[in-house]
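**Q** Sequence:
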Amino acid sequence: AAMPTIDPPSDQPPQLATPRRAWRRWLAAPLALAAAVSSVVFVDETELVIVERLGEIVAVYDQTAPPSSDRGLHFKLPWPVSVVRRFDCRQLLLDPPAREMFTRDRKNITVSSFLAWKIADPAPATPLTSRPVVTFFRRLGDRATAESRLDARLRAALSAEIARSDLNQLLQVETSEQGPGDDSPLSDVARRTHLALVAAMGSETLRESLGIDLIDLRIRRINLPEGNRIAVYERMRTERMRIAERYRSAGGAERTRVESQARRQSEELLARAEADAERIRGEGEAEALTVLNQAHALDPEFYEFQRTLSAYSRILNDQTTLVLSAGSRMFRLLREGAPGMEPQPSSRAADALVIPETGRQSAAPGGAPP
Numbered sequence: 007a008a009m010p011t012i013d014p015p016s017d018q019p020p021q022l023a024t025p026r027r028a029w030r031r032w033l034a035a036p037l038a039l040a041a042a043v044s045s046v047v048f049v050d051e052t053e054l055v056i057v058e059r060l061g062e063i064v065a066v067y068d069q070t071a072p073p074s075s076d077r078g079l080h081f082k083l084p085w086p087v088s089v090v091r092r093f094d095c096r097q098l099l100l101d102p103p104a105r106e107m108f109t110r111d112r113k114n115i116t117v118s119s120f121l122a123w124k125i126a127d128p129a130p131a132t133p134l135t136s137r138p139v140v141t142f143f144r145r146l147g148d149r150a151t152a153e154s155r156l157d158a159r160l161r162a163a164l165s166a167e168i169a170r171s172d173l174n175q176l177l178q179v180e181t182s183e184q185g186p187g188d189d190s191p192l193s194d195v196a197r198r199t200h201l202a203l204v205a206a207m208g209s210e211t212l213r214e215s216l217g218i219d220l221i222d223l224r225i226r227r228i229n230l231p232e233g234n235r236i237a238v239y240e241r242m243r244t245e246r247m248r249i250a251e252r253y254r255s256a257g258g259a260e261r262t263r264v265e266s267q268a269r270r271q272s273e274e275l276l277a278r279a280e281a282d283a284e285r286i287r288g289e290g291e292a293e294a295l296t297v298l299n300q301a302h303a304l305d306p307e308f309y310e311f312q313r314t315l316s317a318y319s320r321i322l323n324d325q326t327t328l329v330l331s332a333g334s335r336m337f338r339l340l341r342e343g344a345p346g347m348e349p350q351p352s353s354r355a356a357d358a359l360v361i362p363e364t365g366r367q368s369a370a371p372g373g374a375p376p
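Okay, so the sequence shown: first residue is 7 according to the working numbering, each after it adds one.
Think of the hints as simulated: they come from the structure by calculation, not from any bench. It cannot be assumed that every hint is accurate.
Derived lysine to any residue pairs resembling SDA-like cross-links, with alpha carbons at most 25 Å apart [said to hold, decoys possible]:
1) 113 - 177
2) 124 - 110
3) 113 - 229
4) 124 - 149
5) 113 - 226
6) 82 - 53
7) 113 - 219
8) 124 - 229
9) 113 - 211
10) 82 - 63
11) 113 - 241
12) 113 - 220
13) 124 - 162
14) 124 - 161
15) 124 - 247
16) 113 - 320
17) 124 - 201
18) 124 - 141
19) 124 - 171
20) 124 - 241
21) 82 - 143
22) 113 - 247
23) 113 - 171
24) 82 - 144
25) 124 - 153
26) 124 - 91
27) 82 - 102
28) 124 - 111
29) 124 - 177
30) 124 - 70
31) 124 - 242
Pairwise CB distance ranges, derived in the manner of DEER restraints [unchecked claim]:
32) 96 - 46: 20 to 30 Å
33) 193 - 278: 49 to 59 Å
34) 269 - 310: 23 to 33 Å
35) 289 - 331: 38 to 48 Å
36) 325 - 266: 18 to 28 Å
Think of the CB as a built atom: it goes at the ideal place given N, C-alpha and C, for glycine as much as any other residue.
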């Protein structure tokens, strides 16, 4: 039988080798691109970045202040050899729901508060493993865990501080136009709670233990549970009405005092004014009499004549009948005229009206006897 022949090996690859090699090249290209992309680390202005290589921290980008800022583009080994951890470096707000708490006088209230915090900034020349962001990553891991821990501590510290104050102290109304100040009861409770949160770690600060800083803590509002809100509001209304009535009484007393003082001052002013008026009036009358006497002394006869005319002007009118004796001054004035004047015809005619038997004269119109 013939022996089978074996062909010598050929240097040419089988025909199927060419498609396989092309497939490998097409697969290697995306992998190389993905590796290149994963080797680039871009640090944003709002981020803190940790680079781990096989579980060991090899780089930390947490310098945000110029000129040592490390924001921008960096490189690392591709994933999964190196892993990037990103954290927010901005101020964050913890806003837990309102919780019921008891005051020192055993009143039940609901307290709503908020807490501002952030991952602490590193001190200069801080070792890599002691950076605050590294401590935050190792102790807390992420923001949700950090806020859960802070919420628990905030609730405990705030409850303890609320229990040290009475309800009336917490409900004191701020009368300033600027609103509650730094010395208001709620601000004081928030300040003590802030200090209690910082001191809760014992010898370690919050930055050393968790890598975070507390920026601010405020109490937004306090309220009463629905069950006893009406009763407490009524008690508060009664108390405010009592205070308002006290203010009204004090205001009424002050008004009475001011009115009495004003009335007394007015009477004193009027009395002084009347006294001054009487004095001035007396001085004026005295001066007028002096001037009048001086004028009379200059011409006594003219003074008598003026007085007679004044008497005529007061008693005579169209309906007056006057009966005069022949020796009266008025009759003499009618008959003779003023001193130093020539008798007028009317005065001579008046002589014919004289009644010798009676010595009386009628001044009535028509010469009718009186």
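**Q** Would you list, in rising numerical order, the hints stated earlier that this structure does not obey?
**A** Hints 2, 7, 8, 9, 12, 15, 16, 19, 20, 27, 28, 29, 31, 34 and 36 are the ones this structure does not satisfy, whereas the remaining hints hold.
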